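I would like the entire structure built from these sequences, with the hints used as guidance.
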Amino acid sequence: MRYYFAPLEGITDSVYRRLHCKYFPGIDRYYTPFFSPTVHRALTPREARELPAADALPVQVVPQLMTKVPEDFIWMSGVCKELGYRQVNLNLGCPSGTVTAKGKGSGMLRDLQALDSFLYEICAGSHLPVSIKTRLGFTSAEEFPAILEILNRYPIEELTVHPRVRAAFYNGPVDLAQFRYALQNSRAPLCYNGNLCSTEDIIAFQKDFPQVGAVMLGRGLVGNPGLLTPGGTTAPVLEAFLEELLEEYASVFGSARNAMFRLKENWRYLFCLFPPDPKLQKQLRKTTDLQQYKQITHHILHELPLQPELTADW
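Just so you know, the sequence shown maps onto residues 1 to 314 in the working numbering.
These are calculated hints, taken from the structure and not from any lab test. On a predicted model such as this, the values are computed, not experimentally measured, just so you know. Any given hint could be a false lead.
Here are the simulated DSSO-like pairs of lysine-lysine, each with C-alpha atoms no more than 27 Å apart in a straight line [claimed, not checked]:
1) K68 / K104
2) K81 / K22
3) K102 / K68
FRET-style restraints, in silico, Cβ to Cβ [to be verified]:
4) H298 / K207: 38 to 48 Å
5) G10 / L57: 31 to 41 Å
6) F209 / S255: 41 to 51 Å
7) Q211 / K286: 16 to 26 Å
Ideal Cβ positions, reconstructed from N, Cα and C, are used throughout, including at glycine.
Pasting the structure below:
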């Protein structure tokens with residue numbers, strides 16, 4: 001079984017990925033939060049920082065692209081090839097309203113004729129193999145067979161299926177019946193993504209779907225960074241990881257206070273590793289003082305016991 005780290009916008013940036021790999025080995029492949037190439041044909045300074053040369057990275061990284069313009073996708077695939085990447089991933093899964101309103105992400109699933117034309121052009125012109133991450137449909141899982149029929153027309157390197165529709169966002173149960181349909185009918189190798197937040201979840205999935213060669217984890221790994229690391233997540237390693245993240249973000253953002261705000265988003269998930277403490281959580285959410293942030297997190301890491309398994313409540 002191969003394990004992939006899903007992209008989470010605002011969390012799994014290049015700094016996070018590099019340090020996660022350093023402190024919590026066990027991930028076979030990291031996916032970047034999506035890049036949205038434009039007609040300007042140039043990376044912004046932030047995009048350039050987020051897309052370093054592949055040979056400088058300690059683990060395989062796949063850039064994820066999100067666009068509905070074939071020429072923009074093809075151009076960006078060329079940039080990724082020049083930087084040494086071996087694959088690009090098309091995002092057909094993002095459920096954000098600001099994204100889907102522009103006909104991108106899972107918004108592309110509303111117009112299958114346009115999706116077919118888009119895939120025809122990018123698969124013919126891409127400089128790198130193309131993998132895809134998709135949902136089951138925009139409003140109904142009944143849309144999925146038609147979507148998969150189109151995807152099957154093209155040489156997709158790997159198909160990651162998040163078995164929810166766009167309307168569900170990340171809420172409610174996943175539709176494993178539709179994932180079974182994908183397993184039976186997809187021409188591309190499959191990767192599963194959705195609601196794998198503990199070792200029990202992973203073991204149960206592997207038991208039910210032994211044919212699947214890869215799974216992608218997102219929130220479960222952010223909340224429990226050592227989920228796939230021998231020995232799991234320990235407080236000393238987690239503390240060292242967070243301290244180095246704070247230092248590197250302070251350098252990147254030019255401010256330790258701004259770095260603190262970035263890390264507070266991580267703590268939204270990390271709190272699930274510890275016994276519930278609403279008062280402490282509220283203090284951490286509301287603080288704008290760096291020293292107070294350090295005091296609160298030190299107390300959490302040194303005084304609260306780590307739970308053996310993640311209790312996801314996001």
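Taking 16 to 26 Å as the hint, is the beta-carbon distance of Q211 and K286 inside that range? Given a distance of about 48 Å, which is not inside 16 to 26 Å, the answer is violated.
Could you check the hint for me, namely that F209 and S255 are 41 to 51 Å apart, CB to CB? 45 Å, holds
The hint says 38 to 48 Å between H298 and K207; measuring C-beta to C-beta, is that right? At 40 Å between Cβs, range holds.
Using the C-beta atoms of G10 and L57, is the stated range 31 to 41 Å upheld? 20 Å, violated
Restraint status (C-alpha distance of K81 to K22 at most 27 Å): 25 Å, holds
Given the hinted pair K102 and K68, is their alpha-carbon gap at most 27 Å? Holds, at about 9 Å.
Below or equal to 27 Å on CA atoms is what counts here, so check K68 against K104. 6 Å, holds
Hints 5, 7 from the earlier list are contradicted by this structure; the remaining hints agree with it.
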